[in-house]
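Asks: Protein chains in written order, with our numbering: chain H, 1 to 223; chain U, 1 to 256.
Since the hints were derived computationally from the structure, they do not count as laboratory data. Errors might be hidden in some of the hints.
For lysine-lysine, the following BS3-like pairs were computed, each having C-alpha atoms within a straight-line distance of at most 25 Å [what the hints assert, rightly or not]:
no.	chain 1	residue 1	chain 2	residue 2
1	U	Lys-44	U	Lys-201
2	U	Lys-205	H	Lys-70
3	U	Lys-125	H	Lys-70
4	U	Lys-255	U	Lys-92
5	U	Lys-136	U	Lys-201
6	U	Lys-234	H	Lys-14
7	U	Lys-201	U	Lys-125
8	U	Lys-234	H	Lys-70
9	U	Lys-168	U	Lys-205
10	H	Lys-14	H	Lys-107
11	U	Lys-75	H	Lys-70
12	U	Lys-75	U	Lys-92
13	H	Lys-14	U	Lys-168
14	H	Lys-70	U	Lys-136
15	U	Lys-97	U	Lys-234
16	U	Lys-255	U	Lys-205
17	U	Lys-255	H	Lys-70
18	H	Lys-70	U	Lys-97
Note that the structure is a prediction, hence the values are computed from the model and not measured.
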Amino acid sequence: MDASVWITLALTLKVAGCATVINLVLGVAVGWLLARRRFIGREFLDAVLTLPMVLPPTVLGYYLLVVIGKRGWLGAWLQNTFGINLIFTWQGAVLAATIVAFPLVLKSARTAFELVDPQLERAARVLGLNEWQVFFRVTVPMAWPGILAGTLLVFARSLGEFGATLMVAGSIPGRTQTLSVAVYEAVQAGEDNVASFLVAITSITCIVVLLASGRLAPTVRAR
Amino acid sequence: MNHPHPRRELGAALLAAAIATFSFAANAADLTVSAAASLTNAFKELGPAFEAQNPGTTVVFNFASSDALLAQIAKGAPADVFASADQDAMDKADAQKVLAAGTRRNFVGNTLVMIVPSDSTLGLKGPADLAKLEVKRVAIGNPASVPVGRYTRGALEAAKLWGTVEPKAVMAQSVRQALDYVARGETEAGFVYATDAGIMKDKVKVVATIPTETSVTYPIAAVAGSPNPDAARKFLDFVLTPAAQAVLARYGFGKP
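Same shape as in the complex, but just chain U (with noise of 0.2 Å):
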């Protein structure tokens, strides 16, 4: 026999495998980048381009709402790149130390909108419609973790509706999850982003444009200590070029 052990053998086969396997996981040629739930479709399109001008990268996203995100890579998740939905968010980031310094930057503005269901027969035109007594849920990013959520809160604060709507308010994890809930009827109206009501014209309708106390704009920054810097400064640089801020406005983004 020249093989007096094999099972030995192949167990210690299936270790090394085993053991490759996950150090690949954690391949130093990924790039993981960070980004506000809003942002999934028009990212998940930038993906692939980004790889085709830098070979042998490979862009990992990771959506969640901004404040999630944050909380994520506060505690030291391997993320090389944070993009938010709003100013608030990367400033938490800036104050607790876990940008690049110099890397932050605006990329791209957005509109808040309110929405309702495509077959609402309410005849909702604005936030001030909220009171009626038919209008029993109102799906609202949770402003204290979703950026949607402080834009919402501020612009009905300003119109002093904040305290009709927040009885009636059904906090979502993510502008997506609040796109969903109206989507499928369960809020009677809600409020996301105009290109979030984009990607589901079909189920959902536009009933006004909200202006915000504060404009609302994207930053993207480089996180401190990116396993994979040089990568994250090209992609700051990408999400800029012509050719992505075309994509970008396709999916409905404006400029910063």
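Here chain H stands alone, though its shape is the one from the complex (with noise of 0.2 Å):
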């Protein structure tokens, strides 16, 4: 089989990467402001960033061309200002499949901060801690086996997003197609042995990603 199989694996794992590390971060703030802090509309916040789990991706694909095409009020922002255009871009199938994704780590990190007792927060502080040092030597300890099985939840939701990045990135062999993206096109034009081939690819890469996190894992079932 060509290169191009391996640039698409390459593009995948790099699209999947980034839309995790993004995820890590905005998981455990808003995860971490979810569960510690009272405002008006917590629960509503939830709600509407919990959506893209129960959404169908379409939906949240249409939303997007809409939000960031060239028309939609963010899109022109963007382009007027920055020169940045999302549309068609392997940036713009990040997007979705952060977005697409995030409900999984905001979800666990929540109830992993939750669990994690106030008590010691406080002890943490009596023995002379700042709020940065309590929230990065004590809360996030405590609460990372729950923040890391979200976020391998994350990488391989991301690894198999289709719906919204097919609408949004499109399908630009070497810049925006996926894997998921390049067996769908496989199969319509009935090429069933790129098809195949690119099954197992995926089915291989998505085992590896499973074993690591196994390995990962002692520490999420220590507990």
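Assembling the complex is the task here: the two chains are given apart, and the hints tell you how they should meet.
Replies: If you want it as structure tokens, here you go:
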């Protein structure tokens, strides 16, 4: 099989990797906010951020097209202010995967933070740690297994993201065509041998990810 | 108590209803027509007309790119009629022996056009202008699975422009997706059929009619092993009647 398959695989891993890093940072921040702070509209915010998990990917893809497309309010602003265009770019695919997978890390992180005993944080403050030190040396380490589990789910979900990605990033071989989109294209074109090969590559990649997550999992099981 | 197990009876009734629902889903009177995406609007109008002439038959349409439909049929999708946008897809169907012998015929013709968003200010006049730096993206049906992409590639290759346009190409999954990309202004230009441009006159502008290597003619055929072969043959005859051809002509389709 030609080199294009490996380019597709590399691109898929790049998109999923970027989406995972962004979601890890955002998921920890927003998860902590929802778990530890009381503010008006907290549960509403949670519901809105969880929507991507239940909405059909095509609905998300449409929202994204309308918002970040050249004629969308955000897309037009990005284009005019920074000259950034997200449609038909791999960054657009990252955005789609990030939004679709975000609820997975948000839910895990929120629950993990809620399970951390506030007494321990108070004890740390009494011992002279400032708020940032409490957060990074007490709260996050205690919640880490839950956050990590959510992050792995995000990576797996991002690898397989299809609907919204296809609508926003299109299918440009070597630039925005991820594995799941390439499989779809091969089946559409009746190229079963290409489809079979891509499916095998995808399956192997997912098994490797699962095995890797199994290696990281002992910290989860230890609790 | 006359009904010692009311819950069990309710369960049995629900099960029976579920079975009835699922078995009626594959009604023998359904005629499934898998048709090229460009036929969407015209065929949706033809469906009720055919049903009116054939009481008891319900026409079910399945629109997608021709090769995607073929892939479904080749895998055993229960389609009765296959209408494709080029001979290539129908030839592949023939080679895979999924067509009912002797039923293939051409029924309409179409034209390939180059379109731009109606508010485009680039002044593009034809394919040669796609070499301009301002043109970043061009919407083209994926030649591997979308007939309009094959017509486009053939025409651009003949004009020695494919090498220039291909790096800018955004491969659409059907002609309607290519149309949508241009209509939203996401690509500076695109190639679709005249009939597609006609349904979005407010959003896209035709700047050139593109001569194609092979004329754009649509073949239609009954599918071998069709669940409803009689209705399939009637539908093939129906699309060639003057009344049906008049509807197709109104959407911009020409004679085959």
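Asks: The structure should be examined with respect to each hint, and the outcome stated for every one.
Replies: Comparing the hints with the structure gives:
no.: 1; hint: U:Lys-44 <-> U:Lys-201; in the structure: 19 Å, holds
no.: 2; hint: U:Lys-205 <-> H:Lys-70; in the structure: 18 Å, holds
no.: 3; hint: U:Lys-125 <-> H:Lys-70; in the structure: 22 Å, holds
no.: 4; hint: U:Lys-255 <-> U:Lys-92; in the structure: 23 Å, holds
no.: 5; hint: U:Lys-136 <-> U:Lys-201; in the structure: 23 Å, holds
no.: 6; hint: U:Lys-234 <-> H:Lys-14; in the structure: 53 Å, violated
no.: 7; hint: U:Lys-201 <-> U:Lys-125; in the structure: 17 Å, holds
no.: 8; hint: U:Lys-234 <-> H:Lys-70; in the structure: 46 Å, violated
no.: 9; hint: U:Lys-168 <-> U:Lys-205; in the structure: 20 Å, holds
no.: 10; hint: H:Lys-14 <-> H:Lys-107; in the structure: 24 Å, holds
no.: 11; hint: U:Lys-75 <-> H:Lys-70; in the structure: 39 Å, violated
no.: 12; hint: U:Lys-75 <-> U:Lys-92; in the structure: 13 Å, holds
no.: 13; hint: H:Lys-14 <-> U:Lys-168; in the structure: 22 Å, holds
no.: 14; hint: H:Lys-70 <-> U:Lys-136; in the structure: 13 Å, holds
no.: 15; hint: U:Lys-97 <-> U:Lys-234; in the structure: 21 Å, holds
no.: 16; hint: U:Lys-255 <-> U:Lys-205; in the structure: 24 Å, holds
no.: 17; hint: U:Lys-255 <-> H:Lys-70; in the structure: 38 Å, violated
no.: 18; hint: H:Lys-70 <-> U:Lys-97; in the structure: 45 Å, violated
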